[in-house]
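Peer 1: Residue-level listing of the chains:
Number of protein chains: 2
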Amino acid sequence: MAKDFVTRSENYSEWYNELVVRADLAENSAVRGCMVIKPYGYAIWEKMQAALDKMFKETGHQNAYFPLFIPKSYFEKEAEHVEGFAKECAVVTHHRLRAKSDGTGLEPDPDAKLEEELIVRPTSETIIWDTYRGWIKSYRDLPILVNQWANVVRWEMRTRMFLRTAEFLWQEGHTAHETAQDAIEETNKMLNVYAYFAENFMAVPVIKGYKSPNERFAGALDTLCIEAMMQDGKALQAGTSHFLGQNFAKAFDVKFLSKENKLEYVWATSWGVSTRLMGALIMCHSDDNGLVLPPMLAPIQVVIIPISKGEEQQAMVDQEANRIMEELKAKGISVKYDNRDSYKPGWKFNEYEFKGVPVRVTLGARDLEQGLVEVARRDNLTKESLPVEGISDKIEKLLEDIQSNMFSKALAFRESNTRNVDTWEDFKVEIEKGGFLSCHWDGTPETEEQIKQETKATIRCIPIDAKEEEGKCIYTGKPSNKRVIFARAY
Amino acid sequence: MAKDFVTRSENYSEWYNELVVRADLAENSAVRGCMVIKPYGYAIWEKMQAALDKMFKETGHQNAYFPLFIPKSYFEKEAEHVEGFAKECAVVTHHRLRAKSDGTGLEPDPDAKLEEELIVRPTSETIIWDTYRGWIKSYRDLPILVNQWANVVRWEMRTRMFLRTAEFLWQEGHTAHETAQDAIEETNKMLNVYAYFAENFMAVPVIKGYKSPNERFAGALDTLCIEAMMQDGKALQAGTSHFLGQNFAKAFDVKFLSKENKLEYVWATSWGVSTRLMGALIMCHSDDNGLVLPPMLAPIQVVIIPISKGEEQQAMVDQEANRIMEELKAKGISVKYDNRDSYKPGWKFNEYEFKGVPVRVTLGARDLEQGLVEVARRDNLTKESLPVEGISDKIEKLLEDIQSNMFSKALAFRESNTRNVDTWEDFKVEIEKGGFLSCHWDGTPETEEQIKQETKATIRCIPIDAKEEEGKCIYTGKPSNKRVIFARAY
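Protein chains in written order, with this note's numbering: chain W, 1 to 490; chain L, 1 to 490.
Please note that the accuracy of each hint is not assured.
Identical copies look the same in the list; a pair holds intra-copy or inter-copy alike.
The calculated BS3-like cross-link candidates involving lysine-lysine, where the alpha carbons are at most 30 angstroms apart (straight line), are [to be verified]:
{"hint": "1", "residue 1": "Lys-3", "residue 2": "Lys-137"}
{"hint": "2", "residue 1": "Lys-336", "residue 2": "Lys-137"}
{"hint": "3", "residue 1": "Lys-47", "residue 2": "Lys-57"}
{"hint": "4", "residue 1": "Lys-47", "residue 2": "Lys-336"}
{"hint": "5", "residue 1": "Lys-100", "residue 2": "Lys-433"}
{"hint": "6", "residue 1": "Lys-348", "residue 2": "Lys-54"}
{"hint": "7", "residue 1": "Lys-329", "residue 2": "Lys-47"}
{"hint": "8", "residue 1": "Lys-234", "residue 2": "Lys-3"}
{"hint": "9", "residue 1": "Lys-482", "residue 2": "Lys-234"}
{"hint": "10", "residue 1": "Lys-189", "residue 2": "Lys-47"}
{"hint": "11", "residue 1": "Lys-259", "residue 2": "Lys-344"}
{"hint": "12", "residue 1": "Lys-344", "residue 2": "Lys-309"}
Hints were generated in silico from the structure; no laboratory data involved. Here the structure is a predicted model, which is why all the values come from computation and not from measurement.
I would like the entire structure built from these sequences, with the hints used as guidance.
Peer 2: Quick look at the structure:
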């Protein structure tokens, strides 16, 4: 366990906060609720972006950019949306500062008050659908498959780095379609992209499902989501994909001439993931020794640390290190050779362990004389001596093993913490233990709300692959035909 | 010349505005001064970003992300900076909207007035140097070489898409160094990166130079810039790199323990380019037929358009197209095969010409029977019949030719529109013709200001490679030892 570092069992919440700072991922800024994403944290986010962006493009999407500001009146146009998003937000009221008359500083210039306030976008449906009105005339203009990488602001009262911040980075896809069917297919397609990314890049197993009406996006007819389980048994929503029906098309009057020559409202979807994924990544895998990163998203996949005495040994170690680096780079593996002499090997071991570098190779002069190197893996903290001959092939294989092992471990954890619960008495006991409770529910918002009031548990999702089965609602005893996932959530 | 499209000589300004919209690059949004960057325009920006980001990383920089909002008081800390940036800006005063009591909509909630107003960043020196205070303790923490890709807002009164918008996208590098010398070297290094990018990717020749004190960044000791000439003879500043001295370190109290064990203020640089580069790219190369893109930044480098009658011909053409596409893709060339039958070949020719696709390949069934294809280049609008055999090698070479031809053409234009001017009478005449005037100047802000008042010309830069020569100021006749570049500018 890392020195002076709180353990997960001592205080999971503090463990997370400290880890984020000590692993150089992010820190709180002087601006309430806004974080600074530090270079090491940002490098992970860049790898996430690159992988997702590639998948978006492979599924036919293009990037674009829409204004940061949204006129206040736009939020008034979609009734549910205004409830969900136009409340806690950053409101721009002036476009100029002036010197105060008493010389003590600056103040908003009353002469520069905006006629209509601007809202810093909390999400961009309104401004984008206002724009789409000009882009869409006929079915030939459809589908529009656009994504935006952007910052958004929601004035959260209680913030935590990556998990819930006033400003965060995300992507938001906004698509326009001829038919409901096309839009629903898009909604599903993008949910599958998110699930693939979570499981194959982040090594985070997710449950795909539908949100209950209470938890739907404001303005959506249906919200699909992927839900992951953190090590404290709480759920984290890792991505959402919304079928918006014709709500925004109606609010912004976006119609098209159909193949049948009729004017119809356009069908919409939106979908997004954010820097929240960083929180999921950290909380799913990391341990009491610090960060644990899956190779697919690690900025440094392999670190090589030399141990030598004297120039002769050093020259030999350097030569081997360079050879191994060349081989690894040729395989597309990112590798760092840390031969700084200002830090001792032990310090470096701790440093890269804490930062979650998947594989550490120690090149010791004495080992090398016997043709051996020490290879340590971060995920399970094991190490072994291996022949230096063919080491790069071994490392390549090892990275794949680590990636799949991390996923399997997280999946096993989720499975061992997911249980069917069939009585309200059991529910109240089980929810305290954490994890996912698979239960029958009568399908009403009232029941969900009651359960939330009494236990702080919400319906995380109605799994897409939920089996049809006869059952009785855990709370009301009314009939139900499938189980849903209840949990406490981030 | 494209149909219904104004020419450069008729109205250069209108030509530009129309081109931006008709080539699907961007459009004005409903939010004053903010534009929507459309997918085709954004794809060019993404190529710019990718090339620049690679160069930044190759020169040792890492990306990070800092808050969108800056507390008002931060601007008060650096005296010159506040003058330059805290005037026309977006001021956030409230963090909540509430329903109006008369039910007519939303208004800022008086209970949610911020204690201190937040400014949407016009540039991030202040928030970043406030953060660096926590990162820098000793010389071992230096240099810090950080870049941020972000949106910024400056409340410009008169806006033009890409050239001057209230919100724009940019990158801002912010580095911290032990010595003035290190910081100055960084300032120069990044200017060279910008110049290399402009000339080798954008095919835009630039003059590297120093800004006069009047034109310096607010808070900088020295501002270096690259200046380009547009086709109307006006100058466009395409990138700046600032040596900030210890101004921000002093304003935000950022000190480090030096190797000599002394507490010293840190030395700073900042440097940036923005979506303004899109404006430069468009205005430097495009013509009365639309956009002209250099191959290095064209989202589609080659378009293939089939011409056939009947299924048999179509099958043959498709087969050839697929073969050529495979070969081009293997060379890393982006190619689009537009075989839509909803549009005629002539329509497609116009479309891709207007969008500046560098090379068009027409695959006609009859030509193919003779083993020929027609290859048209966008830059000089020439076309030729070439053997289909080995066509992908020819196209590869052609793209290189186009790239270098575009640069040469722009350079020749700049050279033929740059003249030495030695009398004030000549200056007043010559400045009306446009172009760069290379003149002696007495080095005083007063003279520069006078010249600006009388002619709207400013000193674009004092070229880095300006020859030492005896001369007399164009305006005052006072002695001068080098020529500077005067021009009217965007």
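Peer 1: What are the numbers of the hints the structure violates, in ascending order?
Peer 2: 5
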